[in-house]
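Colleague: These are the residues of each chain, in order.
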Amino acid sequence: MVSLLDIIGPVMVGPSSSHTAGACRIGLFARGLVGGQPDSAKVELHGSFARTGTGHGTDRAIAGGLLGFYPDDVRLRDSLELAEQAGMAITFTNVKLRGEHHPNTTRITVKRGGQQAVVIGSSIGAGRVLITNVDGFPVEVTGAFPSLVFVAQDVPGIVAAVTSALARTGENIASMRVSRRQKGGDAIHIYELDSPPSAETLDVLRAIPAVRTLRAIPRIA
Amino acid sequence: MFESLGEAVERAEVEQISLGELALRVEAEDGLRTRAEIEQALQRALDVMRGAVERGLLGDLRSVSGLVGGDAARMAHASGPLAGTVFTDVLAAALAVQEVNAAMGVIVAAPTAGGAGVLPGVLLGLARHRPVTDDMLVRALAAAGLVGAVVAVRASLSGAEGGCQAETGAAAGMAAAAGVELLGGSPTEAVHAVALTMQGTLGLVCDPLGGLVEVPCVYRNATGGAIALAGIEMALAGVRFPIPVDEVIDTMGEIGRTMDVRYRETAGGGLAATPTGRRLAKERLVQLKPHRS
Numbered sequence: 007m008v009s010l011l012d013i014i015g016p017v018m019v020g021p022s023s024s025h026t027a028g029a030c031r032i033g034l035f036a037r038g039l040v041g042g043q044p045d046s047a048k049v050e051l052h053g054s055f056a057r058t059g060t061g062h063g064t065d066r067a068i069a070g071g072l073l074g075f076y077p078d079d080v081r082l083r084d085s086l087e088l089a090e091q092a093g094m095a096i097t098f099t100n101v102k103l104r105g106e107h108h109p110n111t112t113r114i115t116v117k118r119g120g121q122q123a124v125v126i127g128s129s130i131g132a133g134r135v136l137i138t139n140v141d142g143f144p145v146e147v148t149g150a151f152p153s154l155v156f157v158a159q160d161v162p163g164i165v166a167a168v169t170s171a172l173a174r175t176g177e178n179i180a181s182m183r184v185s186r187r188q189k190g191g192d193a194i195h196i197y198e199l200d201s202p203p204s205a206e207t208l209d210v211l212r213a214i215p216a217v218r219t220l221r222a223i224p225r226i227a
Numbered sequence: 154m155f156e157s158l159g160e161a162v163e164r165a166e167v168e169q170i171s172l173g174e175l176a177l178r179v180e181a182e183d184g185l186r187t188r189a190e191i192e193q194a195l196q197r198a199l200d201v202m203r204g205a206v207e208r209g210l211l212g213d214l215r216s217v218s219g220l221v222g223g224d225a226a227r228m229a230h231a232s233g234p235l236a237g238t239v240f241t242d243v244l245a246a247a248l249a250v251q252e253v254n255a256a257m258g259v260i261v262a263a264p265t266a267g268g269a270g271v272l273p274g275v276l277l278g279l280a281r282h283r284p285v286t287d288d289m290l291v292r293a294l295a296a297a298g299l300v301g302a303v304v305a306v307r308a309s310l311s312g313a314e315g316g317c318q319a320e321t322g323a324a325a326g327m328a329a330a331a332g333v334e335l336l337g338g339s340p341t342e343a344v345h346a347v348a349l350t351m352q353g354t355l356g357l358v359c360d361p362l363g364g365l366v367e368v369p370c371v372y373r374n375a376t377g378g379a380i381a382l383a384g385i386e387m388a389l390a391g392v393r394f395p396i397p398v399d400e401v402i403d404t405m406g407e408i409g410r411t412m413d414v415r416y417r418e419t420a421g422g423g424l425a426a427t428p429t430g431r432r433l434a435k436e437r438l439v440q441l442k443p444h445r446s
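Chains R and X supply the protein sequences, listed in that same order. My numbering applies: residue 7 is where the first sequence begins, and numbers increase by one. My numbering applies: residue 154 is where the second sequence begins, and numbers increase by one.
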């Protein structure tokens, strides 16, 4: 279903809903994966992002997202300079990512303290994005909801443990997805929630033995 | 929202309300947001549009590549036979918003950033010559949104999928409905304005120099506004387009699906592939120092 406000909007810094607004949102998601401003970021631009990204401010938009700016923030224009002032080391490289990818795709590797995360995201039109890979796990996240992203040991009952914990703390799940690279290995869990998870919810989930690296990511769209 | 403008007009006429009022009611019925929240979001869009027009008209902005800027201010001081009329004000406002967009300023994608000048161009250009309230402008934006939602479902709003007819063409169709709404026309007149406008943008290719949203995009927003004015004026005079509006929109989608990829935002054809287009793109892109491969 298409909403009026999908058509009249978003309010955004130009010049391109896909190359600027969408790119910014992928940067915001990468920031969320390390829980704040990265110390360093390696940004790899693929396809049309590599070809015409500079002229569309794709680099500035991604740097802005990593700094926590949303697509309507005028600071996007100066984000490369602001990143330098903030001490965030950022590099851009044009690449051809292996496998099937949307033409407007970037892979971002972020480091913060002892944490590292790698995200692949595509800007699929009108400022909407699709996160397709987190730390090597295939995923599908739009960022339209606050989300919980965590890696957990692939053991029986883990989904029930998480969903009952969420039910107990009063969180409503909008969508959920579990994906693993191999049986019995680790699996990535992504829960999109109707509202941002409470601190209590995060504590309860962290107490589940199989759950590792829990990250709460704000909505980016 | 609706998937057919024909259905929307029928319902608006049964309920004896305008297209914009219908759009606001249906959006609230869909339940994601209350009517007040929807109106508030559209009011913010209107405020941002006004700000972008004012900013662009100052005339000092340059696009990221330096290729465009300053033409909105030139247009605002037009001295031709239509100077000081709605027509030149629409052109100036559309250019202004698109120049702001090209300079990484704040705009409202309507429906996209590349076509963002047409709707504010037409509405705010008309508003300079008519006593209109913000409530009327918000309802006009809702009418535009309804048209855009139907185009999104039946055809496309992406230049990469359907060429410029899907971006500035769709924006012009939306602006035509919004203009008729603002001027107090009927729902039937509004959708005939959409059909009369979009028949004039069918087949329009997306051929930006270097793939940047600059040339011809900035100018196409102005001419898109001019075509929308033609559609509005004809529909209000009682002109009725023989092909129903939904079929015109379907035609845009069909042309887009069969359009060669060179004409779909790849800078592989059209003005982008002219000798001058290639030369300018090369000079400007080199100047931008693209990242190493």
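In case anyone wonders, no lab produced these hints; they're calculated from the structure. All values derive from a computational prediction rather than experimental measurement. Wrong hints could be hidden among the right ones.
Partial list, derived from the structure: chain X residues whose beta carbon lies under 8 Å from chain R [as the list claims (entries may be wrong)]:
id, residue
1, GLU180
2, ALA263
3, HIS282
4, VAL285
Ideal placement from N, C-alpha and C gives every residue a C-beta, glycine not left out.
Colleague: Would you mind marking each hint as holding or not holding in the structure?
Modeller: Hint check results:
1. Annotation: GLU180/X was flagged as interfacial toward chain R, and the flag holds, the nearest CB pair being 5 Å apart, inside 8 Å.
2. The restraint placing ALA263/X at the interface with chain R holds, with a minimum CB-CB distance near 5 Å, inside the 8 Å limit.
3. Because the closest C-beta pair between HIS282/X and chain R is about 23 Å apart, greater than 8 Å, the hint is violated.
4. With a cut of 8 Å, the hint placing VAL285/X at the interface with chain R is violated, because the nearest CB-to-CB distance is about 17 Å.
Consistency note: the structure conflicts with the earlier hints numbered 3, 4.
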